[in-house]
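Undergrad: Letter by letter, the chains look like this.
There are 2 protein chains.
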Amino acid sequence: MAIKKLGKQTVKFKNPPYIIATSATVGPKEGEGPLKDYFDTILEDDLYGENSWELAESKMLRESVKKAIYKADKNITDMEYMLSGDLLNQLMSTSFAARDLGIPFFGLYGACSTMTESLSLGAMLIDGGYADYLVAVTSSHFSSAERQYRFPLEHGNQRPLTSQWTVTGSGAAILSAYGQGPKITYVTTGKVIDLGIKDPNNMGAAMAPAAVDTIVTHFKDTGFRPEHYDLIVTGDLGAIGKEITEEMVFDRGYNIAKVYNDCGLLIFDNQAQDTHAGGSGCGCSASVFCGYIYKEMIKKNLNRVLLVSTGALLSTTSSQQGQSIPGIAHAVTITNM
Amino acid sequence: MAIKKLGKQTVKFKNPPYIIATSATVGPKEGEGPLKDYFDTILEDDLYGENSWELAESKMLRESVKKAIYKADKNITDMEYMLSGDLLNQLMSTSFAARDLGIPFFGLYGACSTMTESLSLGAMLIDGGYADYLVAVTSSHFSSAERQYRFPLEHGNQRPLTSQWTVTGSGAAILSAYGQGPKITYVTTGKVIDLGIKDPNNMGAAMAPAAVDTIVTHFKDTGFRPEHYDLIVTGDLGAIGKEITEEMVFDRGYNIAKVYNDCGLLIFDNQAQDTHAGGSGCGCSASVFCGYIYKEMIKKNLNRVLLVSTGALLSTTSSQQGQSIPGIAHAVTITNM
Chain A
10 MAIKKLGKQT
20 VKFKNPPYII
30 ATSATVGPKE
40 GEGPLKDYFD
50 TILEDDLYGE
60 NSWELAESKM
70 LRESVKKAIY
80 KADKNITDME
90 YMLSGDLLNQ
100 LMSTSFAARD
110 LGIPFFGLYG
120 ACSTMTESLS
130 LGAMLIDGGY
140 ADYLVAVTSS
150 HFSSAERQYR
160 FPLEHGNQRP
170 LTSQWTVTGS
180 GAAILSAYGQ
190 GPKITYVTTG
200 KVIDLGIKDP
210 NNMGAAMAPA
220 AVDTIVTHFK
230 DTGFRPEHYD
240 LIVTGDLGAI
250 GKEITEEMVF
260 DRGYNIAKVY
270 NDCGLLIFDN
280 QAQDTHAGGS
290 GCGCSASVFC
300 GYIYKEMIKK
310 NLNRVLLVST
320 GALLSTTSSQ
330 QGQSIPGIAH
340 AVTITNM
Chain B
10 MAIKKLGKQT
20 VKFKNPPYII
30 ATSATVGPKE
40 GEGPLKDYFD
50 TILEDDLYGE
60 NSWELAESKM
70 LRESVKKAIY
80 KADKNITDME
90 YMLSGDLLNQ
100 LMSTSFAARD
110 LGIPFFGLYG
120 ACSTMTESLS
130 LGAMLIDGGY
140 ADYLVAVTSS
150 HFSSAERQYR
160 FPLEHGNQRP
170 LTSQWTVTGS
180 GAAILSAYGQ
190 GPKITYVTTG
200 KVIDLGIKDP
210 NNMGAAMAPA
220 AVDTIVTHFK
230 DTGFRPEHYD
240 LIVTGDLGAI
250 GKEITEEMVF
260 DRGYNIAKVY
270 NDCGLLIFDN
280 QAQDTHAGGS
290 GCGCSASVFC
300 GYIYKEMIKK
310 NLNRVLLVST
320 GALLSTTSSQ
330 QGQSIPGIAH
340 AVTITNM
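As they're listed, the protein sequences go chains A and B.
Quick note on the working numbering: the first sequence kicks off at 10 and runs consecutively.
Quick note on the working numbering: the second sequence kicks off at 10 and runs consecutively.
Hints may be right or wrong, so weigh each one.
The list treats identical chains as one, so a pair stands whether inside a single copy or across any two.
Simulated crosslink set (DMTMM-like; lysine to aspartate or glutamate; CA at most 25 Å straight-line) [as the list claims (entries may be wrong)]: (1) Lys207 x Glu256; (2) Lys14 x Asp109; (3) Lys17 x Glu72; (4) Lys14 x Asp141; (5) Lys229 x Asp141; (6) Lys17 x Asp109; (7) Lys21 x Asp141; (8) Lys17 x Glu256; (9) Lys76 x Asp203; (10) Lys13 x Asp141; (11) Lys23 x Asp87; (12) Lys23 x Asp141; (13) Lys207 x Glu59; (14) Lys17 x Asp141; (15) Lys75 x Asp203; (16) Lys45 x Glu72; (17) Lys13 x Asp87.
Note that these hints are calculated values from the structure, not bench results.
Isolated chain A, as found in the complex:
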């Protein structure tokens, strides 16, 4: 019997890894939002001195890793693994950053759920005795994502009110067997859930059932109730997905309303910044966690957090072929002990 397994989908760590440092980099628009004081680096322009948005995203990811390592008082060569992914085809921003950094590398793809995928696997690698230090990181970029998934920006198309705004941002976390900081104590790995949503401009609704499934499974596997947490925070469901999630979790017997929020709603002022249903993209929960949440945990304003990054596993090909949008969500418990 797997000795660290709780219930069907949850792991309880025997030697919970520390998150000894984080770093969050965001674009200019994110740097004008409500969380502006929590980010480590705010870009003045979203090309970041590069020749393309894709290279700018890659630089953002690379620099976030370097800054997190610096804040952990370690060197790049101390990092035994880099677990990372992004939204771009073939993980372009991640692959090129991994080339420059030279850290042994596992490429991940979980769409916007990638931050908790990297934290989950990273925590298992530390607790399992395979590494003392590693970095979990991800990124997204508004302009590179729009070019790839929707329309070239030059097209100037109108965005429906259900649509979300891809966050230009990257978050990197250093996990360690030693040191101090909040610990990763539980991981609940999600299944791919698809209730048949086909509208690529309504990702929140497509991802919500996966978030619900993972949150409810987490409660069942661990025996925790919502009151166990100071904050339960989904990745980037936005206004519509958050409302659906809260109701569906309630229907399954858990009232999370008092402690529940969504990174896609925290990062922008949707009214003032015209971001419609909220933020999205791998960089959304990554920069909100590595910026706002981690720093509030260090200050002990938050002590028990369930981070549930959520991903829509949509490709332009599957969309053109009339397929619906599968969603996935992974949950990670982070605890001040």
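Start from chain A and add chain B according to the hints.
TA: Below, chain B without anything else, positioned relative to chain A:
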């Protein structure tokens, strides 16, 4: 100190997981090649009864998983994790298969290195005490890959002699803490290596330096010499990449010639089947390992194998932006004990 770590990039398992069953599915062309008697399923046509090549690839992956689980005498619900990826944007074939199978899912992207990425992380999850049973799987499909990366097939363009033929195939392996079969004993995780090759029709040359780096690091970390192995087999370097690898490894002090081969050369008769430099794609090393190598290990004709799947981290965007092609390779030691 990470207790299971050897040298810089290698893990030595304390409780090496068993590979209790595998299944390999291939397309019609692969089914006419030299390894035809080793595959579990050979498709009669590469649409496999589906409406698109992408859906056919997804079905191939899903059916490989189901057959491997059946051969292991287990049920789908016994599988605690599915670790999988493919070449398609947003892992379309994997995501849709994971949706149908309903197994907790970690999406991976390592281009053609994905089979050893999934075996590496899978072995860590079993040895670490997080699961008793899981499935590691990947796929590729000639027609879906050509459409995405190069030209629509209808274009009928001529292929240069350095080009490789993407394998239509999928391989699935069931890893377990119990049972019998060959064991995964060591894992050497690769770095992204890029020596500046820019020709997307010469992937072998682009990936070879990564294979060399991982193989030489494996020898240094473990203290093994090439003679330790009955077979050292790279993923899909093809004729050109294999020759480069053999020479570069020799220059670094190890003569692997007597035990070295490449999955991309094993799967096709390049002359008779007009596949130029050999096979490629995630499904290449996956189907050759899960078909030929695993079955030869069960028969004890092979007892110590170093499987080194190799990936070219090329995207059409990075290629159009004039970037070179980064490569990566992960090595896994599989031993009859």
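Undergrad: At most 25 Å between C-alpha atoms: does Lys17 with Glu72 qualify within a copy, between copies, both, or neither?
TA: between (38 Å within a copy, 23 Å between copies)
Undergrad: Evaluate Lys13 and Asp87 at a C-alpha cut-off of 25 Å and name the case that applies: within, between, both or neither.
TA: So Lys13 and Asp87 pass the 25 Å test across copies only (16 Å; inside, 27 Å).
Undergrad: At most 25 Å between alpha carbons: which applies to Lys13 and Asp141, within, between, both or neither?
TA: Answer is both: 19 Å inside a copy and 11 Å across each meet the 25 Å cutoff.
Undergrad: Regarding Lys229 and Asp141, is the shortest C-alpha distance of 25 Å or less found within a copy, between copies, in both, or in neither?
TA: Between copies only: 20 Å across chains, 31 Å inside a chain, cut-off 25 Å.
Undergrad: Between the shortest in-copy and the shortest cross-copy C-alpha distance, which are at most 25 Å for Lys207 and Glu256: within, between, both, or neither?
TA: Within one copy only: 21 Å inside a chain, 52 Å across chains, cut-off 25 Å.
Undergrad: Checking Lys23 and Asp141: alpha-carbon separation at most 25 Å within a copy, between copies, both or neither?
TA: both (15 Å within a copy, 17 Å between copies)
Undergrad: Using 25 Å as the alpha-carbon threshold, which applies to Lys75 and Asp203: within, between, both, or neither?
TA: Close across copies (20 Å), not inside one copy (37 Å); limit 25 Å.
Undergrad: Within, between, both or neither: how does the pair Lys45, Glu72 come out at a Cα-Cα threshold of 25 Å?
TA: Result: close within a single copy only, 18 Å intra versus 48 Å inter.
Undergrad: Give the relationship of Lys14 and Asp141 under a CA distance limit of 25 Å: within one copy only, between copies only, both, or neither.
TA: both (22 Å within a copy, 9 Å between copies)
Undergrad: Have a look at Lys17 and Asp109 and pick one of within, between, both or neither, based on CA distance no larger than 25 Å.
TA: Between copies, since 18 Å is at most 25 Å while 39 Å is not.
Undergrad: Give the relationship of Lys76 and Asp203 under a CA distance limit of 25 Å: within one copy only, between copies only, both, or neither.
TA: Classified as between: cross-chain Cα gap 24 Å, same-chain 38 Å, threshold 25 Å.
Undergrad: Can you give me the call for Lys17 and Asp141, within, between, both or neither, at a CA distance of at most 25 Å?
TA: between (28 Å within a copy, 12 Å between copies)
Violated hints: none; the structure is consistent with every hint.
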